[in-house]
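Colleague: With the hints as constraints, model all of the structure from the sequences given.
These are the residues of each chain, in order.
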Amino acid sequence: MHDTLSCENLTLAYRDGERTTYALRDVSMSLPPGKFYGIMGPSGSGKSSLLYLLSGLKRPTEGKVALGELAISHLPDPELMRLRRTRFGFVFQQPFLLTYLTALENIVVAAPQPSAAARQKAQELLESLGLATMAHKLPSQLSGGERQRVAVARALINEPEILFADEPTAALDQTNGHRVIEALAAWRTKGTVIVVTHDAGMLTGADEILSLRDGQRVEN
Amino acid sequence: MGLVIVLAVFLIAGVTVLANAIDLTVRTIYRYTDYFTYVLPQQQFREVPEPQRVIVESDPRVERTMEGAFFLCNIKTVMGRLPFVVLGVPDDDRDYLMQRMGTTLVAGRLPAEGMPEAVLSEPMVENKKLKIGDNVVSPTEQGGMATAAPIPVKLVGILKGPVWVGFTSRSFCTRYFLLNPRCTLYTWKDNSQRDTLNRSMMPVSDKSKGKLSPTEVQVLSKENLITEVRDSLESLYMIMGVVTSAVIFAITLMSGMLANIYFTQRLSEFGVLAAIGYSRPKLIGRVLAETALLNIAGWIVGAASTALLMRFLGESVFRARGLFLDPFDLDAYAHTIPVPICITLFSVGTITYRLLKLDPVTIIERR
Numbered sequence: 004m005h006d007t008l009s010c011e012n013l014t015l016a017y018r019d020g021e022r023t024t025y026a027l028r029d030v031s032m033s034l035p036p037g038k039f040y041g042i043m044g045p046s047g048s049g050k051s052s053l054l055y056l057l058s059g060l061k062r063p064t065e066g067k068v069a070l071g072e073l074a075i076s077h078l079p080d081p082e083l084m085r086l087r088r089t090r091f092g093f094v095f096q097q098p099f100l101l102t103y104l105t106a107l108e109n110i111v112v113a114a115p116q117p118s119a120a121a122r123q124k125a126q127e128l129l130e131s132l133g134l135a136t137m138a139h140k141l142p143s144q145l146s147g148g149e150r151q152r153v154a155v156a157r158a159l160i161n162e163p164e165i166l167f168a169d170e171p172t173a174a175l176d177q178t179n180g181h182r183v184i185e186a187l188a189a190w191r192t193k194g195t196v197i198v199v200t201h202d203a204g205m206l207t208g209a210d211e212i213l214s215l216r217d218g219q220r221v222e223n
Numbered sequence: 079m080g081l082v083i084v085l086a087v088f089l090i091a092g093v094t095v096l097a098n099a100i101d102l103t104v105r106t107i108y109r110y111t112d113y114f115t116y117v118l119p120q121q122q123f124r125e126v127p128e129p130q131r132v133i134v135e136s137d138p139r140v141e142r143t144m145e146g147a148f149f150l151c152n153i154k155t156v157m158g159r160l161p162f163v164v165l166g167v168p169d170d171d172r173d174y175l176m177q178r179m180g181t182t183l184v185a186g187r188l189p190a191e192g193m194p195e196a197v198l199s200e201p202m203v204e205n206k207k208l209k210i211g212d213n214v215v216s217p218t219e220q221g222g223m224a225t226a227a228p229i230p231v232k233l234v235g236i237l238k239g240p241v242w243v244g245f246t247s248r249s250f251c252t253r254y255f256l257l258n259p260r261c262t263l264y265t266w267k268d269n270s271q272r273d274t275l276n277r278s279m280m281p282v283s284d285k286s287k288g289k290l291s292p293t294e295v296q297v298l299s300k301e302n303l304i305t306e307v308r309d310s311l312e313s314l315y316m317i318m319g320v321v322t323s324a325v326i327f328a329i330t331l332m333s334g335m336l337a338n339i340y341f342t343q344r345l346s347e348f349g350v351l352a353a354i355g356y357s358r359p360k361l362i363g364r365v366l367a368e369t370a371l372l373n374i375a376g377w378i379v380g381a382a383s384t385a386l387l388m389r390f391l392g393e394s395v396f397r398a399r400g401l402f403l404d405p406f407d408l409d410a411y412a413h414t415i416p417v418p419i420c421i422t423l424f425s426v427g428t429i430t431y432r433l434l435k436l437d438p439v440t441i442i443e444r445r
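For the protein sequence lines, the chains are V and A, in the order given.
With my numbering, the residue at position 117 of the first sequence is 120, and numbering never jumps.
With my numbering, the residue at position 323 of the second sequence is 401, and numbering never jumps.
Calculated from the structure, these hints are not laboratory results.
Just so you know, even glycine gets a beta-carbon here, dropped at the ideal spot from N, CA and C.
Check each hint, because a few of them may be wrong.
What the hints assert, rightly or not - Interface residues of chain V toward chain A, partial, derived using beta-carbon atoms under 10 Å: (1) TYR55; (2) LEU83; (3) ARG85; (4) THR89; (5) PHE91; (6) PHE93; (7) GLN96; (8) PHE99; (9) ASN161.
Unchecked claim - Away from chain A, derived, C-beta distances all over 10 Å, residues of chain V: (10) ALA16; (11) ASP19; (12) THR64; (13) ALA121; (14) THR136; (15) ALA138; (16) LYS140; (17) ASP217.
Modeller: Next up, the structure:
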């Protein structure tokens with residue numbers, strides 16, 4: 004059984020001379036495993052910042068993030084990197100595929116070792132995402148939706164406990180957006196899925212939606 | 079960047095091969111010193127004084143001593159005309175030396191006793207553009223007193239072997255080249271003793287018993303020859319060292335900047351890899367591996383193209399002009415080794431600094 008991801012009094016502030024701007028202020032939440040969470044809010048509400056803090060990509064100014072008993076917001080960099088590599092998966096707004104690698108190789112890049120088993124698994128992921136015939140194509144030969152699904156496969160190669168997705172459909176049309184969200188949501192049977200989006204239509208299948216406004220949590 | 083490395087290696091190795099060609103040319107032309115050493119009297123003597131000759135003869139490492147005479151002919155080189163000894167020794171000594179040097183007669187005949195005749199090695203014949211029957215030296219020979227001959231000396235045979243050498247008869251030399259001193263030659267029993275024997279034959283001025291005297295004789299050995307050549311080339315080597323260092327410095331800076339531009343173009347790649355959990359040492363390792371691979375490949379291509387071009391130039395252009403170059407001169411390629419090392423260190427160093435400061439969020443949150 005996976006651990007619960009939680010945060011307490013999470014604050015992220017930027018200081019600009021005398022002025023302090025809060026991206027997040029006193030956010031607390033607990034996210035039990037095995038669910039699909041949507042984080043919503045208008046632009047500038049702090050939803051991406053919350054995702055970066057929860058996933059250890061940023062460190063909070065105050066408060067803490069914990070995965071079970073592990074206070075990940077206080078982990079040293081190398082351990083945080085290892086955690087991100089082994090227990091988390093990421094999908095970003097842009098696919099950020101390596102242009103000189105094929106779709107299959109782009110997925111294997113995220114595996115601990117570029118072994119034959121990893122390639123086999125990458126192929127299976129591509130098949131499950133409807134990209135079986137695209138394995139040996141370069142990113143430039145794929146459509147935007149196909150590229151983003153390859154990015155989803157890359158995030159899943161390590162079977163992450165928690166799958167973080169930051170506006171994964173922002174650059175896609177409705178049809179492709181839904182296909183990507185479906186692929187992400189399907190992961191809830193194996194782990195936790197946290198998707199940040201400003202498009203409520205993408206979160207119709209979410210188990211729980213967390214709303215932010217001006218860096219603070221608000222009721223839906 | 080790879081092309082820059084190729085060009086840098088080509089430039090440095092090419093220039094060094096050409097500079098080292100001077101040293102190689104002298105060593106090639108005077109390679110007979112691998113097989114025997116000359117002892118020449120100082121100017122006040124006509125021949126090596128008897129006590130000095132006894133010192134040479136009595137050394138147990140010496141295989142044979144020979145009394146010789148000589149005249150000089152010109153050899154054309156890129157450094158100008160160099161005087162080359164045509165040796166006059168008794169027939170049995172000549173046959174012994176030819177056998178020792180692995181030299182055989184391939185055309186014509188050997189010089190007759192007392193006649194104005196000579197045999198020369200094939201490369202000398204080519205260098206002087208002679209054929210059998212032509213004059214090796216003559217009263218009108220260019221090159222000053224040293225190579226002037228009282229009567230024309232004809233080429234009667236051509237020698238083949240690994241060494242540039244010329245022979246005439248001793249009686250002819252002693253009869254016609256009155257101003258040239260007589261010399262003593264010695265050979266050694268064991269080739270491994272050559273250097274130690276030659277060193278022990280170096281004249282010393284403190285009148286040590288059993289040592290040759292610098293006021294009476296001079297010894298022309300392989301070691302002397304190499305020392306003299308390298309002394310005269312010292313300034314050239316120093317200039318080359320400065321030029322090479324400057325080229326390496328400039329190329330390193332330029333390639334380092336190119337590597338950083340390339341890194342900037344791939345910033346999103348490194349950002350996303352850092353975001354998904356690649357550690358900084360792993361990313362630095364990736365940069366190091368890529369840069370080192372590119373540098374090594376560039377070095378290999380640069381070295382190979384230098385060797386090919388130098389081989390072509392050596393055979394088609396320089397050999398005919400009396401310059402011997404070794405396209406596989408390891409010393410020249412050793413001069414280029416700092417190129418990939420400096421570029422790799424500088425590039426990886428600067429990129430490592432940027433990687434350590436890289437915040438993956440700044441890459442992935444670009445909208």
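Colleague: If any of the earlier hints don't hold here, list their numbers in rising order.
Modeller: Checked against the structure, no hint fails, so every one of them is satisfied.
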